[in-house]
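Protein sequence lines, in the order shown, are assigned to chains A and B.
Okay, so the first sequence: first residue is 1 according to the numbering used here, each after it adds one.
Okay, so the second sequence: first residue is 1 according to the numbering used here, each after it adds one.
Hints listed in this document are in silico derivations from the structure and should not be mistaken for laboratory results.
Incorrect hints may appear among the rest.
Simulated crosslink set (PhoX-like; lysine-lysine; CA at most 25 Å straight-line) [to be verified]: (1) A:K41 / A:K354; (2) A:K3 / A:K234; (3) A:K41 / A:K234; (4) A:K354 / A:K6; (5) A:K135 / B:K233; (6) A:K234 / A:K354; (7) A:K3 / A:K135; (8) A:K354 / B:K320; (9) A:K234 / A:K6; (10) A:K41 / A:K361; (11) A:K3 / B:K320; (12) A:K234 / B:K320.
Note that the structure is predicted; figures quoted are calculated from it, not measured.
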Amino acid sequence: MEKMPKWADVVLIPLISLILAAILSALVILAIGENPIEAVKLMVTGALGSTYGWGYTLYYATNFMFTGLAVAVAFHARMFNIGGEGQAMLGGLGVAMVCLYIPWPHWSIALLAACAGSMLFGAAWAAIPAYLQAKRGSHIVITTIMFNFIAAAFLNYVLVNLMRPPGAQDPSSARFPEAVHLPTFQSMFSTAENVVFKGTPVNITFFIAVLACFVVWALIWRTRLGYEIRSYGKTETGAVYAGISPVRITIIAMLISGALAGLMAINNVMGEAERLVLNATEGAGFIGIAVALMGRSHPFGVFLAAILFGFLYQGGAELAFWTSIPRELIVVIQALVILFTGALDNMVRMPLEKLFLSLRKGAQ
Amino acid sequence: MEFFITFIQVLDSTIRLATPLLLACLAGLYSERAGIFDIGLEGKMLMAAFFSAAVAAVTGSVWLGLLAGIASSLVLSGLHGLASITFRGNQLISGVAINFLAAGMTVLVAQSWFEQGGRTPSLFGGGRFTPINFPFAESLSGVPIIGPIYSELLSGHSILVYIAFLMVPATWWVLYRTRFGLRLRAVGENPAAVDTAGVSVVGLRYAAVAICGVLCGIAGAYLATALQAGFVKDMTAGRGFIALAALIFAKWRPWHAMGACLLFGLLQAIALRFQNIDLGGVVIPVQVMDALPYVLTVVILAGFVGKAVPPRAGGEPYVKER
């Protein structure tokens, strides 16, 4: 017998966790001598009050959808992929190589190739930890953490020594050619008299991210592989008994996860920066953890949580611009969301389960 | 002689750089030996670095700073314990949350208190740990070979360096020669057995997490008040993760932990001093030095060079049977 109705598990618990995180964040804002209500007003108008705000909110959300999906797929196989950051960095390298070294006639073909390149590089970076977990039993969390640092050092080397154009000072690649620039929302939705999303980085990748949500949903709940991944994640012994190979599932799930994290590079490297810079990912790989936890590892939940975090990021930037609250407030909120929806999940869950059990007894 | 002096200087900076790694590594050792995985070492160090520097800057007393650092690190330890012991949550996720909490809160509070772009004012005088000079260090420095070793390498570090290295035999003694240590190791391998013997699993694990907090606190305070003079944003720079790597490299044993931390400290010292190393035609770029601790740890984890087996009950919350 279920202890709780499904809607409580899917909606009520994340909602309560989110409210707890919001209350604590408000207390933090109060403690540093600012007004939380004013802060929320500023964030809402700054992130959602104009197409300019939405342009940034959706740009950030696109990043977080990819990394959130990456963490979510690994969660379904009961693995914690902390390496999204490194996988997205390598994805950026794949995108940069596709865009710089091959002359493309049109952005649409380049986009397809860049998708393939980023997924290949992201998956390759996840492949070694996946293999070590599957074959040698090395803990995936530790190896993916290590691979984040190795990726940072590797990318640093590549940018400084190999990809930096002659004479350039900062460690970054050359600019991508005009032909591979992706259409932005500004160019897609503006009319002659009404310019929308002016100067914002949101681009066609947003639709790829939404498509990725659909594909992951179909993969996890509508295919044989997805069924195998979920059953392996629920009970390993049961899955083995049903003839599912743990090695195969571990490696495949991590490759998909790495490819999704790598795909993020389409948005930030090809869509926004249009060249590869150091630390292009800006921690989006880690935000994926919060997004996946809040979204309960469901693609639709990930979609909503990514929009929420996109709003927080853009709102936080506006706050830092207009008040003395630094951008790091967002990092604190992110930490609180991870804490309440992830680590302290039972703190909310246990009392609720008791409540629902006693309600059910009362009804009988 | 020139070479020898350089050699001694690199070793000297190895000791300075290994100290925070060693303290954090031993902190993780207590926690993980008790079955609580801790990837929040980085966050606890960072929090302690900020609060030690902030209190030292305001009061002018480095000792009050140290206490504040330890206290702030203990608060995060308590949070980790609450999440992973009391509410039986995921210890890894809790560690991630703690790292972000520290990264955000330190800058937020620093900006609110000092308004210097997320840093504390520079520490001077009584606000810093000063080097301790051994007797006759000055007069013996002229003696060849032994002189520089004594006066440069061994003498002239802050008290926290000596505490860190004394913690190694102390940890060995506590873990392998006391009743508390036996129980601590047992609770990381087989908590049910400890529970059956009538010893509190929850109590032991909280004790281990608290010791971890104290050591991380000292490590953070060392960074901000001894190695450097004040707190700057993200000043731990991945040291918590290198300590974690060292812990795995040492296979969760105290003496080996010291060896691993000295090795990783040496890599940092070399990277700091030489940048790109030219070995007669083959140039080793500085990034290789940066990545080497992590690569070595992955190799060890992969089990190609001896196998690193973590404590058996590590990461598993203990649920008492009814």
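Now the hints, each set against the structure:
At most 25 Å may separate the alpha-carbon atoms for a hinted pair to count; K41 (chain A) and K354 (chain A) exceed this at roughly 37 Å. Under the criterion of a C-alpha separation no larger than 25 Å, the hint pairing K3 (chain A) with K234 (chain A) is consistent with the structure, at around 18 Å. Between K41 (chain A) and K234 (chain A) the alpha-carbon distance is near 42 Å, which puts this suggested pair outside the 25 Å criterion. Restraint check: the Cα-Cα separation between K354 (chain A) and K6 (chain A) comes to about 15 Å, which is no more than 25 Å; the hinted pair holds.
Distance hint between K135 (chain A) and K233 (chain B) is unfulfilled; the C-alpha atoms sit about 39 Å from each other, more than 25 Å. Distance hint between K234 (chain A) and K354 (chain A) is fulfilled; the C-alpha atoms sit about 24 Å from each other, no more than 25 Å. Of the pairs offered as hints, the one joining K3 (chain A) and K135 (chain A) is violated, with about 37 Å between alpha carbons and a cut-off of 25 Å exceeded. Taking the CA atoms of K354 (chain A) and K320 (chain B), the gap is near 18 Å; set against the 25 Å cutoff, the hint holds.
Using a Cα cut-off of 25 Å, the hinted pair K234 (chain A) and K6 (chain A) holds, with the two alpha carbons roughly 17 Å apart. In summary, the hint linking K41 (chain A) to K361 (chain A) is not supported, as the alpha carbons are separated by about 44 Å, beyond the 25 Å threshold. For the hint pairing K3 (chain A) with K320 (chain B), the CA-to-CA distance comes to about 20 Å; that is within 25 Å, so the pair holds. For the given pair, K234 (chain A) sits about 22 Å from K320 (chain B) by alpha-carbon distance, which is consistent with the 25 Å threshold.
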